[in-house]
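Engineer: With these hints in hand, go ahead and build the complete structure from the sequences.
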Amino acid sequence: MLQELEALYTLRARIASEVSAQRHLSRVLSRLTVDQLVARNGLPPAEAEALLEGTRASVRRHVERLRAYEDETRQTLERRGLEVDEAFNPYWGSSFAERHDTSRFGSQVEYYACIYTSRVSNFRFVSPSKYFISPHGSLPHWQVR
Numbered sequence: 001m002l003q004e005l006e007a008l009y010t011l012r013a014r015i016a017s018e019v020s021a022q023r024h025l026s027r028v029l030s031r032l033t034v035d036q037l038v039a040r041n042g043l044p045p046a047e048a049e050a051l052l053e054g055t056r057a058s059v060r061r062h063v064e065r066l067r068a069y070e071d072e073t074r075q076t077l078e079r080r081g082l083e084v085d086e087a088f089n090p091y092w093g094s095s096f097a098e099r100h101d102t103s104r105f106g107s108q109v110e111y112y113a114c115i116y117t118s119r120v121s122n123f124r125f126v127s128p129s130k131y132f133i134s135p136h137g138s139l140p141h142w143q144v145r
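First residue of the sequence shown? That's 1 in our numbering, and the numbers climb one at a time after it.
These are calculated hints, taken from the structure and not from any lab test. Here the structure is a predicted model, which means the values were calculated and not measured. For glycine and all other residues, C-beta sits at the position ideal for the given N, C-alpha and C. One thing to keep in mind: the hints can contain errors.
The calculated label-pair distances, taken between Cβ atoms and stated as ranges, are [unchecked claim]:
#1 L2 <-> V126: 17 to 25 Å
#2 E72 <-> R27: 22 to 30 Å
#3 V19 <-> E49: 25 to 33 Å
#4 R65 <-> D35: 29 to 37 Å
#5 F125 <-> L2: 40 to 48 Å
#6 G54 <-> T76: 31 to 39 Å
Structural biologist: This is how it looks when you write it as structure tokens:
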């Protein structure tokens with residue numbers, strides 16, 4: 001399931017990049033005139049106009065298909081994300097981390113951890129105002145292999 005989510009995120013990024021490139025092409029085509037086509041390629045005006053309109057329509061259709069595919073991918077990602085979320089505790093969620101944030105359970109452990117030390121004497125050389133925070137970094141289960 002997690003590999004599928006990673007693949008879907010990668011696919012969504014590629015689709016967004018392609019949509020951006022096609023939109024740029026569409027803007028370039030919108031500035032191109034029939035006279036420029038005639039002057040550059042020596043085409044008859046009627047043929048140049050038909051070619052230009054056909055190309056513009058083709059690019060528009062391609063962008064629409066890409067956007068539909070992007071929406072479909074986004075909806076699939078949302079469904080899969082909900083399926084993953086449902087697999088965890090309904091109150092605390094994931095025990096480890098919720099995407100890039102600490103989970104509710106993790107926040108509670110972080111907040112109340114000072115209560116659960118084994119011996120107070122372990123802290124005799126530490127200032128009473130010291131607040132202990134675990135180092136943030138990547139957790140082993142975040143890595144996709």
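Engineer: None of the hints should be skipped; say for each whether it holds.
Structural biologist: Hints versus structure:
| no. | hint | result |
| --- | --- | --- |
| 1 | L2 <-> V126: 17 to 25 Å | violated, 39 Å |
| 2 | E72 <-> R27: 22 to 30 Å | holds, 25 Å |
| 3 | V19 <-> E49: 25 to 33 Å | holds, 27 Å |
| 4 | R65 <-> D35: 29 to 37 Å | holds, 31 Å |
| 5 | F125 <-> L2: 40 to 48 Å | holds, 43 Å |
| 6 | G54 <-> T76: 31 to 39 Å | holds, 33 Å |
In summary, the structure is inconsistent with hint 1 from the numbered list given earlier, while agreeing with all the others.
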